[in-house]
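Construct the complete structure from the given sequences, taking the supplied hints into account.
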Amino acid sequence: MSRAVRGPKSGASVRLASLRKTFGNVRAVDDISLDIPAGSFVAFLGPSGSGKTTTLNLLAGFITPDSGEILFDDAPISRTPTHQRGIGMVFQSYALFPHMTVFDNVAFPLKMRGERDRGRVRERVAEALAMVQLGGYEKRYPRQLSGGQQQRVAMARALVSHPRLLLMDEPLGALDKKLRDQMQIEIKNIHRRVGSTFVYVTHDQNEALTMSDFIVVMRDGAIAQAGTPQELYDSPANEFVADFLGGANLVRGRITGADAASQRIAFEDGQEVVVPLAGETLEPGAAASLFVRPEGVTLAQPDDERTRLHGEVSEIVFLGNSFRVIATVAGQGFSALVGRDEIGGLSLGDRVGFAWENERSRAFASEAGGT
Amino acid sequence: MGTYKITFSMNLLVGLVLFFLLFPVLVVVAISFSSAEFLTFPPPGLSLRWYEEIFSSYDWVNAFWITIKVGLLTALISVVLGVPAAFAIIRHSFFGKDMFNALILAALITPPIIKAMSIYLFYVELGLNNTIFGLALAHTVSGVPFVVINTAASLKSYDVNLERAACVHGASPLRSVLVITLPVIWAGVLVGAVFAFMQSAQELIVSIFVLGTVNRPLAVKLWEGVQVSTDPSIAAASTVLIGVAILSFLMVVLIKRRDGSLAP
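Line by line, the protein sequences are chains A and B.
Going by the numbering used here, the first residue of the first sequence is number 11, and it counts up by one from there.
Going by the numbering used here, the first residue of the second sequence is number -12, and it counts up by one from there.
Please note: incorrect hints may appear among the correct ones.
[As the list claims (entries may be wrong)] Derived SDA-like pairs: lysine to any residue, alpha-carbon spacing no greater than 20 Å straight-line:
id: 1; chain 1: A; residue 1: Lys121; chain 2: B; residue 2: Val164
id: 2; chain 1: B; residue 1: Lys143; chain 2: B; residue 2: Trp173
id: 3; chain 1: B; residue 1: Lys102; chain 2: B; residue 2: Gln186
id: 4; chain 1: A; residue 1: Lys198; chain 2: A; residue 2: Gln215
id: 5; chain 1: B; residue 1: Lys143; chain 2: A; residue 2: Ser103
id: 6; chain 1: B; residue 1: Lys56; chain 2: B; residue 2: Ser159
id: 7; chain 1: B; residue 1: Lys143; chain 2: A; residue 2: Phe72
id: 8; chain 1: A; residue 1: Lys121; chain 2: B; residue 2: Leu165
id: 9; chain 1: B; residue 1: Lys84; chain 2: B; residue 2: Ser159
id: 10; chain 1: A; residue 1: Lys188; chain 2: A; residue 2: Ser156
id: 11; chain 1: B; residue 1: Lys84; chain 2: A; residue 2: Gly34
id: 12; chain 1: B; residue 1: Lys102; chain 2: B; residue 2: Asn117
id: 13; chain 1: B; residue 1: Lys143; chain 2: A; residue 2: Gln102
id: 14; chain 1: A; residue 1: Lys121; chain 2: B; residue 2: Gln186
id: 15; chain 1: B; residue 1: Lys56; chain 2: B; residue 2: Thr168
id: 16; chain 1: B; residue 1: Lys143; chain 2: A; residue 2: Pro108
id: 17; chain 1: B; residue 1: Lys56; chain 2: B; residue 2: Pro71
id: 18; chain 1: A; residue 1: Lys121; chain 2: B; residue 2: Arg162
id: 19; chain 1: B; residue 1: Lys102; chain 2: B; residue 2: Leu90
id: 20; chain 1: B; residue 1: Lys243; chain 2: A; residue 2: Gly96
id: 21; chain 1: B; residue 1: Lys56; chain 2: B; residue 2: Tyr45
id: 22; chain 1: A; residue 1: Lys121; chain 2: B; residue 2: Gly121
id: 23; chain 1: B; residue 1: Lys102; chain 2: B; residue 2: Pro160
id: 24; chain 1: A; residue 1: Lys121; chain 2: B; residue 2: Pro160
id: 25; chain 1: B; residue 1: Lys56; chain 2: B; residue 2: Val128
id: 26; chain 1: A; residue 1: Lys198; chain 2: A; residue 2: Leu219
id: 27; chain 1: B; residue 1: Lys243; chain 2: A; residue 2: Arg153
id: 28; chain 1: B; residue 1: Lys143; chain 2: A; residue 2: Arg334
id: 29; chain 1: A; residue 1: Lys149; chain 2: A; residue 2: Arg132
id: 30; chain 1: A; residue 1: Lys121; chain 2: A; residue 2: Gly96
id: 31; chain 1: A; residue 1: Lys121; chain 2: B; residue 2: Thr168
id: 32; chain 1: A; residue 1: Lys187; chain 2: A; residue 2: Asn216
id: 33; chain 1: B; residue 1: Lys243; chain 2: A; residue 2: His109
id: 34; chain 1: A; residue 1: Lys121; chain 2: A; residue 2: Glu137
If you're looking for bench data, these hints aren't it; they were derived computationally from the structure.
As the structure is a prediction and not an experimental result, all values here were calculated from the model.
Following this line, the structure appears as structure tokens:
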């Protein structure tokens, strides 16, 4: 069972092909196709009920798909029972065996997978515990450990048999903010060292942005968008992704016209902006949202020629290294992150202009009643 | 001060009710240590002669032995049948599940005489009357619900992810139940088994029908003793049975306390 030498790229490639899973009349996973490159760190990101956990459970084999196939290294495995898939997993509740010591918990996968050499078991357990910096805790029971320590034991158990695929179901969800930030970096480090493919489920966009090579944003059982964190952040494919990842201005209006390279959105108060055709192309008259990130917005005089939108300052928030200026534009909030020296003598109630580079803005189909 | 008065009168009331309920038991225990030849209360003097009497009597020792054999066998078969039934009820949905559930619990409220007669007639065909195994099987009917109820309660609060974690890390489904789930919920199963044992040890009517002629269990022997003899040996035997019940109850309490510290 043991692999003596592990190359830097020992992860399994994973392919989801037209995967579907229905519970009652809920389409938990609705025709998902995705390629996960070997050795990569992929985050499934989405609100609860978006299908990310169901996808993970399909990968683990806790449930079987209604149709479609899952392939590990191009071999179909959707009918392979869980215990024969050779994967590791970290659960949100950690799921440590309460009646076993830390040593026995971590040794469990080795024993189940047929390792009988006690010396080697000890060696591998020590190695795994050292990786999560928990050497010396072998004889403790899970209930004698803090949440953070239990989380580390769960990591060690999942990694001890050098699985080619590691699944993580919101593993940091129960930890406090500081510990979470620290563990994010550690998990990223561990990923680099072991080279396995990591699939990480989370509803925390920060975690996804910090740790992953690829992010799959899920919604209503389908993939809303998949790509690198930069791609998703800079060029979201729709309003949902734009809103879910990072801060975004989404000002609702209506499409009034388009040409070969751009389309025009008009707002309730009569203002109009022109955005590039890079987002979604919409019919004239369609409800649309203007998208631009607050950090891409600069302040200008309302009558400056660079000004694309103007509004009335309703809030100025000091953030330490910058200010967040919030204005009311067409009856909606619009915010800009500006440097300390750019704020000038701006005060509440002032009229202010907002400018941004054209390619940083998009038009998305607006979802009525959405957030 | 008002609360104190209320607490005091509540305690007094509870104490009186308990005394009323337990007094007959206390009388039996007291008589068992009597030095008199007859069932008289209060006992004129104290002695252990009636314990000596029953423990040196082949009939009584045999009755104890049979009760223990039947009880252990009942507990064992109840666990073997009840644990899988509890898993089925908690983990799965299947056709007729509510009926299945109701059927298991119905054994608890079926009048004993109905059970006794039907089992007796059934056993005539099967040749199971007058066998230890036959009586254990009959007691299992009422033993299974105790195991199912207690195991199901443990399973309900059991984190299924423990079993999933075992599976994902290489244990087959059966192995993960044996190595992880059962060791974690063992307390519930054992409490159920203790109840199944006690239920068997105190059961009279089915025992009379199935095992009432040749080798009598303790309950039947006591029943006969009350009818034919008047010496305090039956009080001594009863006290021993009461002792077993108290020990079982203590065991349940200890298991539950230990289990509380075992919870993750």
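Hints, verified against the model:
This hinted pair checks out: A/Lys121 and B/Val164 have alpha carbons roughly 16 Å apart, not beyond 20 Å. Proposed proximity of B/Lys143 and B/Trp173 is supported: the alpha carbons are some 13 Å apart, at most 20 Å. Taking the CA atoms of B/Lys102 and B/Gln186, the gap is near 14 Å; set against the 20 Å cutoff, the hint holds. In summary, the hint linking A/Lys198 to A/Gln215 is supported, as the alpha carbons are separated by about 15 Å, within the 20 Å threshold.
A hinted pair counts as satisfied when its Cα atoms are at most 20 Å apart, and B/Lys143 with A/Ser103 qualifies at roughly 16 Å. Our distance criterion of 20 Å between C-alpha atoms is broken by B/Lys56 and B/Ser159, whose separation comes to about 35 Å. Between B/Lys143 and A/Phe72 the CA atoms are separated by roughly 19 Å; this keeps the pair inside 20 Å, and the hint holds. Restraint check: the Cα-Cα separation between A/Lys121 and B/Leu165 comes to about 15 Å, which is no more than 20 Å; the hinted pair holds.
Annotation: proposed proximity of B/Lys84 to B/Ser159 is violated, straight-line Cα distance about 26 Å (limit 20 Å). At roughly 14 Å between alpha-carbon atoms, A/Lys188 and A/Ser156 fall within 20 Å of each other, so this suggested pair holds. Restraint check for B/Lys84 and A/Gly34: satisfied, since their Cα atoms lie roughly 18 Å apart, inside the 20 Å limit. Using a Cα cut-off of 20 Å, the hinted pair B/Lys102 and B/Asn117 holds, with the two alpha carbons roughly 16 Å apart.
Between B/Lys143 and A/Gln102, the direct Cα distance comes to roughly 19 Å. Compliance with the 20 Å bound is thereby established for this hinted pair. Under the criterion of a C-alpha separation no larger than 20 Å, the hint pairing A/Lys121 with B/Gln186 is inconsistent with the structure, at around 41 Å. Straight-line distance between C-alpha atoms of B/Lys56 and B/Thr168 comes to about 29 Å, which puts the hinted pair past the 20 Å bound. Simply put, B/Lys143 and A/Pro108 have alpha-carbon atoms about 16 Å apart, close enough for the 20 Å limit, and the pair holds.
For the hint linking B/Lys56 to B/Pro71, the alpha-carbon distance of about 23 Å lies beyond 20 Å, and the restraint is violated. For a cut-off of 20 Å, the pair hint linking A/Lys121 to B/Arg162 stands: about 12 Å separates their Cα positions. For the proposed pair B/Lys102 and B/Leu90, the alpha carbon gap of about 14 Å is at most 20 Å, so the pair holds. Distance hint between B/Lys243 and A/Gly96 is unfulfilled; the C-alpha atoms sit about 37 Å from each other, more than 20 Å.
A distance of roughly 16 Å separates the Cα atoms of B/Lys56 and B/Tyr45; the hinted pair therefore holds under the 20 Å criterion. With a CA separation close to 42 Å, the supplied pair A/Lys121 and B/Gly121 exceeds the 20 Å bound. Distance hint between B/Lys102 and B/Pro160 is unfulfilled; the C-alpha atoms sit about 37 Å from each other, more than 20 Å. The straight-line distance between the Cα atoms of A/Lys121 and B/Pro160 is roughly 15 Å, inside the 20 Å bound, and the hint therefore holds.
A hinted pair counts as satisfied when its Cα atoms are at most 20 Å apart, and B/Lys56 with B/Val128 qualifies at roughly 17 Å. Taking the CA atoms of A/Lys198 and A/Leu219, the gap is near 12 Å; set against the 20 Å cutoff, the hint holds. This hinted pair checks out: B/Lys243 and A/Arg153 have alpha carbons roughly 17 Å apart, not beyond 20 Å. For the suggested pair B/Lys143 and A/Arg334, the alpha carbons sit about 50 Å apart, so the restraint of at most 20 Å is broken.
Among the hinted pairs, A/Lys149 with A/Arg132 is consistent with the structure: their alpha-carbon atoms are about 13 Å apart, no more than 20 Å. The suggested pairing of A/Lys121 with A/Gly96 holds, with an alpha-carbon distance near 13 Å, which does not exceed 20 Å. The straight-line distance between the Cα atoms of A/Lys121 and B/Thr168 is roughly 17 Å, inside the 20 Å bound, and the hint therefore holds. For the hint linking A/Lys187 to A/Asn216, the alpha-carbon distance of about 11 Å falls within 20 Å, and the restraint holds.
With a CA separation close to 15 Å, the supplied pair B/Lys243 and A/His109 stays within the 20 Å bound. With a CA separation close to 16 Å, the supplied pair A/Lys121 and A/Glu137 stays within the 20 Å bound.
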